[in-house]
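One line per chain: the protein sequences are A and B, in this order.
For the first sequence, my numbering assigns the number 1 to the initial residue and increments by one for each residue that follows.
For the second sequence, my numbering assigns the number 77 to the initial residue and increments by one for each residue that follows.
Worth double-checking, as some hints may not be accurate.
[Claimed, not checked] Straight-line alpha carbon distances no greater than 20 Å define the calculated EDC-like cross-link-like pairs of lysine to aspartate or glutamate that follow:
{"hint": "1", "chain 1": "A", "residue 1": "40", "chain 2": "B", "residue 2": "119"}
{"hint": "2", "chain 1": "B", "residue 1": "137", "chain 2": "A", "residue 2": "31"}
{"hint": "3", "chain 1": "A", "residue 1": "2", "chain 2": "B", "residue 2": "107"}
{"hint": "4", "chain 1": "B", "residue 1": "78", "chain 2": "B", "residue 2": "129"}
{"hint": "5", "chain 1": "B", "residue 1": "86", "chain 2": "B", "residue 2": "110"}
{"hint": "6", "chain 1": "B", "residue 1": "78", "chain 2": "B", "residue 2": "119"}
{"hint": "7", "chain 1": "A", "residue 1": "2", "chain 2": "B", "residue 2": "91"}
{"hint": "8", "chain 1": "A", "residue 1": "40", "chain 2": "B", "residue 2": "150"}
{"hint": "9", "chain 1": "A", "residue 1": "61", "chain 2": "B", "residue 2": "107"}
{"hint": "10", "chain 1": "B", "residue 1": "78", "chain 2": "B", "residue 2": "121"}
{"hint": "11", "chain 1": "B", "residue 1": "116", "chain 2": "B", "residue 2": "150"}
{"hint": "12", "chain 1": "B", "residue 1": "78", "chain 2": "A", "residue 2": "26"}
{"hint": "13", "chain 1": "A", "residue 1": "2", "chain 2": "A", "residue 2": "49"}
{"hint": "14", "chain 1": "B", "residue 1": "116", "chain 2": "A", "residue 2": "74"}
{"hint": "15", "chain 1": "B", "residue 1": "137", "chain 2": "A", "residue 2": "34"}
{"hint": "16", "chain 1": "A", "residue 1": "40", "chain 2": "A", "residue 2": "69"}
{"hint": "17", "chain 1": "B", "residue 1": "78", "chain 2": "B", "residue 2": "130"}
{"hint": "18", "chain 1": "B", "residue 1": "137", "chain 2": "B", "residue 2": "150"}
{"hint": "19", "chain 1": "B", "residue 1": "78", "chain 2": "A", "residue 2": "15"}
{"hint": "20", "chain 1": "A", "residue 1": "10", "chain 2": "B", "residue 2": "121"}
{"hint": "21", "chain 1": "B", "residue 1": "137", "chain 2": "B", "residue 2": "121"}
{"hint": "22", "chain 1": "B", "residue 1": "116", "chain 2": "B", "residue 2": "132"}
{"hint": "23", "chain 1": "B", "residue 1": "86", "chain 2": "A", "residue 2": "45"}
{"hint": "24", "chain 1": "B", "residue 1": "86", "chain 2": "A", "residue 2": "43"}
{"hint": "25", "chain 1": "A", "residue 1": "61", "chain 2": "B", "residue 2": "102"}
{"hint": "26", "chain 1": "B", "residue 1": "116", "chain 2": "A", "residue 2": "15"}
{"hint": "27", "chain 1": "A", "residue 1": "40", "chain 2": "B", "residue 2": "91"}
{"hint": "28", "chain 1": "A", "residue 1": "10", "chain 2": "B", "residue 2": "119"}
{"hint": "29", "chain 1": "A", "residue 1": "40", "chain 2": "B", "residue 2": "145"}
{"hint": "30", "chain 1": "A", "residue 1": "2", "chain 2": "B", "residue 2": "110"}
{"hint": "31", "chain 1": "B", "residue 1": "116", "chain 2": "A", "residue 2": "69"}
{"hint": "32", "chain 1": "A", "residue 1": "40", "chain 2": "B", "residue 2": "121"}
{"hint": "33", "chain 1": "A", "residue 1": "2", "chain 2": "B", "residue 2": "102"}
{"hint": "34", "chain 1": "B", "residue 1": "78", "chain 2": "B", "residue 2": "132"}
{"hint": "35", "chain 1": "A", "residue 1": "61", "chain 2": "A", "residue 2": "74"}
{"hint": "36", "chain 1": "B", "residue 1": "116", "chain 2": "A", "residue 2": "45"}
{"hint": "37", "chain 1": "B", "residue 1": "78", "chain 2": "A", "residue 2": "34"}
{"hint": "38", "chain 1": "A", "residue 1": "61", "chain 2": "B", "residue 2": "110"}
{"hint": "39", "chain 1": "B", "residue 1": "86", "chain 2": "B", "residue 2": "145"}
{"hint": "40", "chain 1": "A", "residue 1": "10", "chain 2": "A", "residue 2": "74"}
Hints were generated in silico from the structure; no laboratory data involved.
Protein chains: 2
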Amino acid sequence: MKTRIYVTLKPGVLDPQGRAIHNALEGLGFDGIEGVRQGKLIELEHGADLSDEDCDAMCRKLLANTVIENYRIERG
Amino acid sequence: MKTRIYVTLKPGVLDPQGRAIHNALEGLGFDGIEGVRQGKLIELEHGADLSDEDCDAMCRKLLANTVIENYRIERG
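Please put together the full structure from these sequences, using the hints given.
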């Protein structure tokens with residue numbers, strides 16, 4: 001089974017990587033981009049017995065820095 | 077408007093970050109994880125006139141290394 005976890009910076013948190021991508025896109029001539037934010041996509045392969053509680057605990061303990069990041073869990 | 081781009085390593089490509097996360101999860105006592113892969117989620121804020129062709133060109137030119145990475149574009 002597969003679970004996907006999306007980790008993104010909270011609104012208002014400075015995103016230097018996103019800023020760098022935005023500048024690079026403009027440098028390549030892609031206009032019309034108003035903002036770029038970069039996050040992480042973590043894909044877990046696991047057995048059937050991985051509970052929602054375990055997924056949440058993984059995010060809070062390791063996968064996301066909940067001070068500055070949000071996380072979203074997508075099962076199956 | 078918002079467009080999301082998911083960049084992931086191609087199957088078979090070694091993923092040291094994913095491996096490190098997997099080890100750390102096991103170290104925290106989360107058993108049953110068979111594999112971990114980490115990718116990028118890039119969120120673009122833009123005007124209505126950003127074409128599919130432009131999105132694809134951004135991925136091929138900058139956002140993904142198409143030798144080792146796949147990308148998926150999710151509009152709107």
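Results for each hint:
In summary, the hint linking residue 40 of chain A to residue 119 of chain B is supported, as the alpha carbons are separated by about 11 Å, within the 20 Å threshold. Restraint check for residue 137 of chain B and residue 31 of chain A: satisfied, since their Cα atoms lie roughly 15 Å apart, inside the 20 Å limit. Between residue 2 of chain A and residue 107 of chain B the CA atoms are separated by roughly 15 Å; this keeps the pair inside 20 Å, and the hint holds. At most 20 Å may separate the alpha-carbon atoms for a hinted pair to count; residue 78 of chain B and residue 129 of chain B meet this at roughly 16 Å.
This hinted pair checks out: residue 86 of chain B and residue 110 of chain B have alpha carbons roughly 18 Å apart, not beyond 20 Å. Distance check on the hinted pair: residue 78 of chain B and residue 119 of chain B sit about 7 Å apart at the alpha-carbon level, within 20 Å; holds. Between the alpha carbons of residue 2 of chain A and residue 91 of chain B the distance comes to roughly 17 Å, so the proposed pair stays at or under 20 Å and holds. Taking the CA atoms of residue 40 of chain A and residue 150 of chain B, the gap is about 15 Å. The hint holds against a cut of 20 Å.
Taking the CA atoms of residue 61 of chain A and residue 107 of chain B, the gap is near 15 Å; set against the 20 Å cutoff, the hint holds. For the given pair, residue 78 of chain B sits about 5 Å from residue 121 of chain B by alpha-carbon distance, which is consistent with the 20 Å threshold. The suggested pairing of residue 116 of chain B with residue 150 of chain B holds, with an alpha-carbon distance near 13 Å, which does not exceed 20 Å. For a cut-off of 20 Å, the pair hint linking residue 78 of chain B to residue 26 of chain A stands: about 17 Å separates their Cα positions.
Restraint check: the Cα-Cα separation between residue 2 of chain A and residue 49 of chain A comes to about 12 Å, which is no more than 20 Å; the hinted pair holds. Simply put, residue 116 of chain B and residue 74 of chain A have alpha-carbon atoms about 15 Å apart, close enough for the 20 Å limit, and the pair holds. About 19 Å separates the Cα atoms of residue 137 of chain B and residue 34 of chain A, which keeps this hinted pair within 20 Å; it holds. Of the pairs offered as hints, the one joining residue 40 of chain A and residue 69 of chain A holds, with about 10 Å between alpha carbons and a cut-off of 20 Å not exceeded.
With a C-alpha separation of about 14 Å, the suggested pairing of residue 78 of chain B with residue 130 of chain B holds against the 20 Å cut-off. Using a Cα cut-off of 20 Å, the hinted pair residue 137 of chain B and residue 150 of chain B holds, with the two alpha carbons roughly 18 Å apart. Annotation: proposed proximity of residue 78 of chain B to residue 15 of chain A holds, straight-line Cα distance about 17 Å (limit 20 Å). At roughly 15 Å between alpha-carbon atoms, residue 10 of chain A and residue 121 of chain B fall within 20 Å of each other, so this suggested pair holds.
As the CA atoms of residue 137 of chain B and residue 121 of chain B are separated by approximately 19 Å, the hinted pair is consistent with the 20 Å bound. Annotation: proposed proximity of residue 116 of chain B to residue 132 of chain B holds, straight-line Cα distance about 16 Å (limit 20 Å). A distance of roughly 15 Å separates the Cα atoms of residue 86 of chain B and residue 45 of chain A; the hinted pair therefore holds under the 20 Å criterion. Between the alpha carbons of residue 86 of chain B and residue 43 of chain A the distance comes to roughly 13 Å, so the proposed pair stays at or under 20 Å and holds.
With a C-alpha separation of about 12 Å, the suggested pair residue 61 of chain A and residue 102 of chain B falls inside the 20 Å cut-off, and the hint holds. Between residue 116 of chain B and residue 15 of chain A the alpha-carbon distance is near 14 Å, which keeps this suggested pair within the 20 Å criterion. With a C-alpha separation of about 14 Å, the suggested pairing of residue 40 of chain A with residue 91 of chain B holds against the 20 Å cut-off. As the CA atoms of residue 10 of chain A and residue 119 of chain B are separated by approximately 13 Å, the hinted pair is consistent with the 20 Å bound.
Proposed proximity of residue 40 of chain A and residue 145 of chain B is supported: the alpha carbons are some 14 Å apart, at most 20 Å. Proposed proximity of residue 2 of chain A and residue 110 of chain B is supported: the alpha carbons are some 10 Å apart, at most 20 Å. Only pairs whose Cα atoms come within 20 Å are accepted, and residue 116 of chain B paired with residue 69 of chain A is accepted, the gap being roughly 14 Å. For the hint linking residue 40 of chain A to residue 121 of chain B, the alpha-carbon distance of about 17 Å falls within 20 Å, and the restraint holds.
With a C-alpha separation of about 17 Å, the suggested pairing of residue 2 of chain A with residue 102 of chain B holds against the 20 Å cut-off. Of the pairs offered as hints, the one joining residue 78 of chain B and residue 132 of chain B holds, with about 15 Å between alpha carbons and a cut-off of 20 Å not exceeded. About 18 Å separates the Cα atoms of residue 61 of chain A and residue 74 of chain A, which keeps this hinted pair within 20 Å; it holds. With a C-alpha separation of about 17 Å, the suggested pairing of residue 116 of chain B with residue 45 of chain A holds against the 20 Å cut-off.
A threshold of 20 Å between alpha carbons decides the hint, and for residue 78 of chain B with residue 34 of chain A the separation of about 10 Å falls inside it, so the pair holds. Distance check on the hinted pair: residue 61 of chain A and residue 110 of chain B sit about 19 Å apart at the alpha-carbon level, within 20 Å; holds. Distance restraint check for residue 86 of chain B and residue 145 of chain B: the Cα-Cα separation of roughly 5 Å lies within the 20 Å cut-off, and the hinted pair is therefore satisfied. Restraint check for residue 10 of chain A and residue 74 of chain A: satisfied, since their Cα atoms lie roughly 18 Å apart, inside the 20 Å limit.
Violated hints for the displayed structure: none, as all numbered hints are satisfied.
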